[in-house]
Structure formats: C-alpha cells, structure tokens
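Those protein sequences? They're chains P and C, same order as listed.
For the first sequence, counting from 1, position 337 maps to 460 in the working numbering; every step adds exactly one.
For the second sequence, counting from 1, position 114 maps to 304 in the working numbering; every step adds exactly one.
Any given hint could be a false lead.
[To be verified] Per label pair, the in silico range of CB-to-CB distance:
| no. | chain 1 | residue 1 | chain 2 | residue 2 | range |
| --- | --- | --- | --- | --- | --- |
| 1 | P | Arg226 | C | Arg209 | 56 to 62 Å |
| 2 | C | Phe226 | P | His412 | 53 to 59 Å |
| 3 | P | Gly464 | C | Asp233 | 54 to 60 Å |
| 4 | C | Phe387 | P | Phe135 | 28 to 34 Å |
| 5 | P | Gly464 | C | Pro235 | 27 to 33 Å |
| 6 | C | Arg269 | P | Phe132 | 33 to 39 Å |
| 7 | P | Pro499 | C | Leu392 | 32 to 38 Å |
[As the list claims (entries may be wrong)] Non-contacting residues of chain P with respect to chain C, defined by C-beta distances greater than 12 Å in every case (computed):
| no. | residue |
| --- | --- |
| 8 | Ala293 |
| 9 | Leu347 |
| 10 | Asp584 |
Keep in mind the hints are simulated off the structure, nothing from the lab.
No residue lacks a Cβ here, since even glycine has one placed at the ideal position from N, Cα and C.
The residues making up each chain are set out below.
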Amino acid sequence: MFDLLSNLFLGFGVALTFNNLFLCLIGCLVGTLVGILPGVGPIATISMLLPITFGLDPVGALIMLAGIYYGAQYGGSTTAILVNIPGEATAVVTTLDGHQMARRGQAGIALGIAAIGSFLAGTVATIVIAALAKPLTGLALVFGPAEYFSLMVMGLVFAVVLAHGSIIKAIAMILVGILLSTVGVDLETGEDRMTLGLSFLFDGIDFAVLAMGVFGIAEILRNLDNVETRDVVRQTIGRLLPGWKEFKQAAAPITRGTLIGSVLGILPGNGAVLAPFASYSLEKKISNHPERFGKGAIEGVAGPESANNAGAQTSFIPLLTLGIPPNAVMALMVGAMTIHGIVPGPLVMTSNPTLFWGMIASMWLGNLMLLIINLPMIGLWVRLLKVPYQLLFPAILMFCCIGIFSINSEPVQVLMIAFFGIVGYAISKLGFEPAPLLLGFVLGRLMEENFRRALLMSRGDMMTFIENPISAVLLAISVLLLAVALLPSLRKNRDEVFTE
Amino acid sequence: MTTRDLPVRPTKKGGLAIRSPENVLGGLVLIALALFALWLTLDLPRGTLTTVGPAMLPQAIAVLIGVCGVVLLIAGFKRRSEHGAPVWSLRGPLLVSISIGLFAVTIKEHHFGNWQTIEFGLMFAGPMAIIIGGYASTEARFRDLLLLALTLTPFCMLLFGDMLNLPIPILPRFLSEALFSGMSYKSSLRVTAAVLFTAAILVFRFTKSRSGSRIEVAKHEVRN
Chain P
124 MFDLLSNLFL
134 GFGVALTFNN
144 LFLCLIGCLV
154 GTLVGILPGV
164 GPIATISMLL
174 PITFGLDPVG
184 ALIMLAGIYY
194 GAQYGGSTTA
204 ILVNIPGEAT
214 AVVTTLDGHQ
224 MARRGQAGIA
234 LGIAAIGSFL
244 AGTVATIVIA
254 ALAKPLTGLA
264 LVFGPAEYFS
274 LMVMGLVFAV
284 VLAHGSIIKA
294 IAMILVGILL
304 STVGVDLETG
314 EDRMTLGLSF
324 LFDGIDFAVL
334 AMGVFGIAEI
344 LRNLDNVETR
354 DVVRQTIGRL
364 LPGWKEFKQA
374 AAPITRGTLI
384 GSVLGILPGN
394 GAVLAPFASY
404 SLEKKISNHP
414 ERFGKGAIEG
424 VAGPESANNA
434 GAQTSFIPLL
444 TLGIPPNAVM
454 ALMVGAMTIH
464 GIVPGPLVMT
474 SNPTLFWGMI
484 ASMWLGNLML
494 LIINLPMIGL
504 WVRLLKVPYQ
514 LLFPAILMFC
524 CIGIFSINSE
534 PVQVLMIAFF
544 GIVGYAISKL
554 GFEPAPLLLG
564 FVLGRLMEEN
574 FRRALLMSRG
584 DMMTFIENPI
594 SAVLLAISVL
604 LLAVALLPSL
614 RKNRDEVFTE
Chain C
191 MTTRDLPVRP
201 TKKGGLAIRS
211 PENVLGGLVL
221 IALALFALWL
231 TLDLPRGTLT
241 TVGPAMLPQA
251 IAVLIGVCGV
261 VLLIAGFKRR
271 SEHGAPVWSL
281 RGPLLVSISI
291 GLFAVTIKEH
301 HFGNWQTIEF
311 GLMFAGPMAI
321 IIGGYASTEA
331 RFRDLLLLAL
341 TLTPFCMLLF
351 GDMLNLPIPI
361 LPRFLSEALF
371 SGMSYKSSLR
381 VTAAVLFTAA
391 ILVFRFTKSR
401 SGSRIEVAKH
411 EVRN
C-alpha cells in the first residue's frame with residue numbers, strides 16, 4: 124500500500140512538470156477533436172502522430188499518445204449524443220439513448236452524465252492499473268520464452284473471439300499480419316526473406332507505414348464511399364450539470380459500467396469497444412422498465428460511457444506489465460515505445476519507473492482535464508462538427524505524407540502508405556477488418572523470437588510448450604476459447620451482443 | 191463516382207453457385223497470398239526444430255492462411271452473406287494514390303532505379319497533394335482546396351521543420367539557392383511560410399466564393 128502511494132507520488136511528480144502537463148493537454152485536446160469528428164479515429168491519429176513524437180522525450184510522447192486514446196472516448200460521446208452518429212466506434216451504443224435525450228431537450232444532461240461517468244470510470248481505472256501493475260509484472264518476470272509465446276497465442280485468440288464479424292476472417296487477418304512481420308532480413312541467419320530483392324524491405328515493413336496506410340489512408344477511402352448526413356440537434360443544449368435526481372439514477376450504472384469496462388479492458392481483444400455493448404445489455408436486462416431504453420434512458424448513457432472509458436484505460440495493463448498489446452491502439456503504443464528504444468514489457472517498470480508511473484499519473488490528470496475540456500467548452504466542439512469532410516481529408520492526407528516522409532526522409536515510404544492504403548481499402552471491401560492485421564504484425568515478431576528461443580532452450584522439443592505448466596494452461600485456454608467460439612450456438616449469442 | 195460490380199455474380203439455382211461473392215473473392219485472395227509467400231520462401235532453409243531456419247515460420251503461417259482461404263471459399267459457395275457483391279469506387283483510391291505518389295516523387299531528389307526525381311520541396315509538393323487529393327471527393331471545390339493548401343502547407347512547415355526539427359525540403363533546390371543563399375534553413379522556412387500565408391489571405395480576400403457563403407456547412411437533415 125505504502126509502495127503504491129510512493130509510486131503514485133513519483134508518477135505525479137513526473138506528470139506534473141510543465142512540459143508533461145502541456146503534452147497531456149495537447150493529447151487530450153487532439154483526442155477530443157478526433158473523437159468528435161466522425162471518420163477520424165484514434166488509431167489513424169496516433170499512427171499519424173507517431174513520427175512527431177521523435178522530437179519529444181519518451182515520457183512526454185507516451186503521455187500525449189495515451190491522452191489521444193482516452194480523450195477520444197470522451198469526444199466520441201459528444202457526437203453520438205448531438206448528431207446521432209458515433210464519433211468513435213466505442214460510442215455506438217450511446218447514440219441509442221443519448222440522442223433521444225438530446226431530442227427531448229436534455230442534451231446537456233446527457234453530455235454531463237457521460238463526462239462525469241467517464242471521469243469516475245477513468246479514476247477507478249487509473250487505480251486499477253496502479254494496483255495491478257506490481258503483481259502482474261512480478262508474474263511476467265518468471266515467464267520464459269515458452270510462456271511468452273503461449274501468452275501471445277492466447278492474446279491473439281482473445282482478439283479473434285472478441286472481434287466482431289466472421290471469426291475465420293479475423294484469424295486470416297492475424298495470420299496475414301504475422302506473415303507481413305516476417306518480411307525482411309532474418310535477425311538470426313541474416314538471410315533476406317520475401318523482400319523481392321527490394322532494398323527498402325530489408326529492414327522489414329515499417330510499422331508506422333503499415334499503420335498509416337491501413338488505417339489513415341484506407342479510412343479516408345472508406346469514408347469517401349459513404350456520404351454521411353449529419354443530424355445535428357438544433358435545440359439548445361440545456362443545463363449541463365445533471366441534477367441530484369439524475370445523478371442518483373446514474374450512480375449504479377456508472378459503477379457497473381466501470382466494473383465491466385475495467386475487466387473487459389484487461390482482456391486482449393478490443394475491450395473498449397465491447398464493454399459499452401455489454402454494459403448496455405446489462406442495464407437493459409436488470410432495469411425495471413426496459414421499455415424506456417432507446418427512448419432516452421439515462422442509464423443507457425451512463426453505463427456504456429463509463430464502460431468504454433474504463434476499458435480504454437485498463438487496456439494499458441497488458442501492455443505495461445506483460446509487453447503484449449491487447450488491441451490495435453496498444454500495438455501503436457508498442458511502436459511508439461520502440462521508436463524511443465524502450466522495449467515494452469515487465470522490465471519497463473523497474474528500468475523506467477518515471478515513464479511507467481508518470482504515464483499512469485498522467486491518465487488521471489488527463490481525465491480531469493477532459494472533464495473541463497468537455498463540459499464548459501462544449502459549444503466550441505460542436506462548431507467543429509461543421510467542418511465538412513471534403514476539407515478534412517485532404518488535410519489528413521497531407522499530414523500522413525509529411526509525417527511518414529519525416530521519419531527518415533525516404534520517398535519510397537510515402538509510396539508504401541499509398542500501397543497499404545489501397546490494400547486496406549480492398550480488404551475492408553471484402554469484409555475483413557484491419558485491426559487484427561496490425562495486432563498480428565506487432566505480435567508476429569515477438570512470437571517468432573520467443574518461439575525460436577523456446578525451441579533452442581528445449582533442444583528442438585516441441586513438448587516444451589505443453590510440459591511447461593503455465594504455458595500449457597495458457598494454450599489450453601486458447602484452444603478452449605477458440606472451440607467455444609466456433610460452436611454454432613454460442614456464435615449466435617455473440618452476434619446478438621454485437622447487433623443489439 | 192464510378193462504381194462497378196465485381197464480375198462474380200450470384201447465380202440463382204443450387205449446385206455450385208456463388209452465394210457470397212465477397213467470401214469467394216476473399217478466399218481466393220488468401221490462397222493466392224499463401225502461394226505467393228510459399229513461392230518466395232521456396233529456396234530459404236526451413237531448418238530443424240532445434241535450429242529454426244528463416245523459412246519455417248513464414249511457411250507455416252502461409253499454409254494456415256491458405257487453409258483459411260479454402261474455408262472461406264467453401265463458405266462462399268455454401269452460405270449467403272448479408273452483404274451483396276462489394277461495391278468499389280475508383281475515383282477515391284485513384285486520386286488519393288496519385289496525390290500521394292506525386293508527393294513522393296516531388297518532395298525530394300531521389301533515385302527510383304534508373305529514374306531520378308527533381309526536388310520541388312514542400313512548397314509545391316504539399317499544395318499539389320492537397321488539391322489533387324481533394325478531388326477524390328465529389329464535393330470538392332477549387333477555392334476551398336486552394337485556401338486549405340495555402341494555409342496547411344506553411345503550418346506543416348512550421349510544425350515539422352521549425353518546432354520539431356525534422357528536415358524537410360522547402361523549395362526547389364535552384365530556387366532556394368537563388369533566393370536564400372546566405373540564410374539558415376529555419377529562416378528560409380519562415381520566410382516561405384509567411385509568403386504562403388500572405389497568399390492565402392490574398393486569395394481569401396480577393397476572390398469570391400461561388401456559393402456565396404464562405405464554407406458551406408455539412409449537410410444537415412432533420413429526420414423526425
């Protein structure tokens with residue numbers, strides 16, 4: 124306990140420096156902005172800003188990037204409530220009741236309860252991260268290569284099971300991601316693999332290039348296909364702070380949402396997307412008046428909004444303690460850490476305590492900032508919704524080009540983002556999702572490394588993965604999960620959760 | 191916007207009919223990718239389990255991808271998917287890749303095989319990318335895009351070149367040598383940015399927007 128406090132104290136010392144506070148604010152502002160703007164997501168933004176973080180120190184860079192991610196959770200709800208389209212994938216459920224509340228002139232209350240719920244959830248999630256960090260890191264330190272390999276297999280299986288859409292397509296995307304990660308010179312033998320003799324592929328496919336192409340550029344192409352109509356609520360936003368009555372109504376859903384979000388966030392797979400769905404279904408199920416849902420029930424805003432913010436934050440846990448990214452945003456964080464020469468994993472906490480605790484402390488500060496950014500300044504953000512997409516996307520395009528060029532002044536890499544942009548567009552047209560691909564790409568390298576090391580240590584005995592108890596359990600869980608997910612009856616259930 | 195259906199169309203009656211063109215095509219792509227990867231790693235040593243060679247993991251993954259492809263292909267013949275044949279548009283992908291491609295070949299002097307590109311710098315590469323890319327949307331208007339180009343380009347110069355210290359060519363080499371021969375990189379950058387901002391203000395001030403209102407607000411449609 125005392126340890127925790129002194130660690131948090133250290134963290135706040137780092138996070139409260141002027142520089143880091145400023146970067147945290149920038150991250151939160153950018154996050155809110157991309158959260159509010161439909162068609163620009165945190166994944167695309169973080170991949171666009173990766174090159175910019177070169178010029179920053181690692182702590183500040185990660186604080187800023189983290190701020191973008193959870194900031195987007197706040198912003199996404201604003202668009203969902205006022206415009207009836209989710210600014211962010213995690214705010215899909217909020218459109219159901221949030222927009223109805225806005226229709227009835229309660230927009231301010233909906234926005235207020237969403238922000239307050241998110242803040243409370245963010246606070247709890249910060250504490251959860253701080254409390255779980257030590258024990259999980261301790262656990263990770265006894266892990267050998269075999270355990271690591273199995274853990275990553277389990278992570279990928281979770282990602283498949285929790286992804287929406289076809290399971291087989293999600294598996295295929297992860298595999299393609301792993302395959303792409305093996306392009307380039309093999310580190311152990313020095314032989315070049317699948318480079319087609321192209322010199323710029325010798326170092327492998329650059330992570331930022333892949334991410335920016337598949338998310339940044341491809342997202343533009345996808346958005347150009349769907350012409351959206353924005354249904355902005357014209358009524359006044361009304362009172363911003365929820366009254367005592369509303370707050371009492373929302374308190375229990377916020378608590379439950381936070382709990383669901385925190386748990387689902389830790390699991391690999393996209394907890395921040397799944398959690399609001401789970402929270403909404405739960406609230407509807409236990410409500411005495413389920414018919415109110417969809418017509419402006421405050422519980423339907425408070426629960427899911429708390430859940431997505433809690434989930435977004437606790438998804439940092441596997442990354443910070445085990446070094447395993449549970450979703451695409453965390454995969455980008457791995458990229459950001461590697462740029463600065465930090466190997467994500469259990470050692471970060473001991474070798475870079477200021478980074479580790481500074482980042483955790485900054486999350487709480489960021490949540491506090493977001494509360495202020497979102498409530499009194501709401502009018503300003505709403506006006507941003509009036510920027511039409513046809514002016515927004517050329518700006519994104521330009522940013523991607525310059526960003527990727529500035530990494531190492533290599534025009535070929537600019538061409539590569541166009542290539543991966545087209546690839547990303549094509550695969551989404553065929554019903555595949557790009558997020559598992561990125562996750563597979565990041566984990567692919569780690570997996571191959573650990574796989575080889577484990578076999579080297581066991582002198583080529585594959586049984587090492589099963590004889591090792593921890594590894595065996597992890598693999599058993601993976602097989603079980605996959606089998607269960609492929610069972611027809613359960614698949615139906617899973618689809619229902621997503622369509623509800 | 192040009193749209194076209196894929197050549198594969200669902201046929202009516204049973205037998206071996208394509209029920210989900212999306213999945214059939216997806217399956218075929220995966221199988222092709224798997225074969226391609228296998229072909230590329232053909233002459234690399236696979237190694238043994240004790241000393242895993244460079245080809246072992248890629249080949250294993252390729253086989254698994256192929257299996258996924260076959261499963262998808264079969265599913266495409268057996269089950270109908272909720273989406274119809276995918277609708278592709280050409281305008282977006284085409285203009286966006288042209289715009290990125292032009293940026294790549296004009297930003298800096300570079301050798302592509304036997305080809306050599308000329309360095310035009312961000313001052314030309316940036317606006318070109320914005321304006322050409324901007325026409326990927328059917329609602330693009332030249333004046334808006336020009337204004338965007340003239341404000342965003344100097345902004346990016348200042349952000350990347352000045353604040354973040356990332357060296358980006360600003361002007362064509364002959365021009366910067368003629369104009370800013372004695373100046374440092376940063377001051378020439380600032381001057382260029384100032385010129386571009388001024389141009390933006392002039393364009394804004396002295397040209398009239400055709401639609402009357404400055405920037406048209408995104409379409410709002412109230413459904414009740």
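Hint check:
no. : hint                            : in the structure
1   : P:Arg226 x C:Arg209: 56 to 62 Å : violated, 41 Å
2   : C:Phe226 x P:His412: 53 to 59 Å : holds, 57 Å
3   : P:Gly464 x C:Asp233: 54 to 60 Å : violated, 35 Å
4   : C:Phe387 x P:Phe135: 28 to 34 Å : violated, 40 Å
5   : P:Gly464 x C:Pro235: 27 to 33 Å : holds, 32 Å
6   : C:Arg269 x P:Phe132: 33 to 39 Å : violated, 58 Å
7   : P:Pro499 x C:Leu392: 32 to 38 Å : holds, 37 Å
8   : Ala293                          : violated, 10 Å
9   : Leu347                          : violated, 4 Å
10  : Asp584                          : violated, 7 Å
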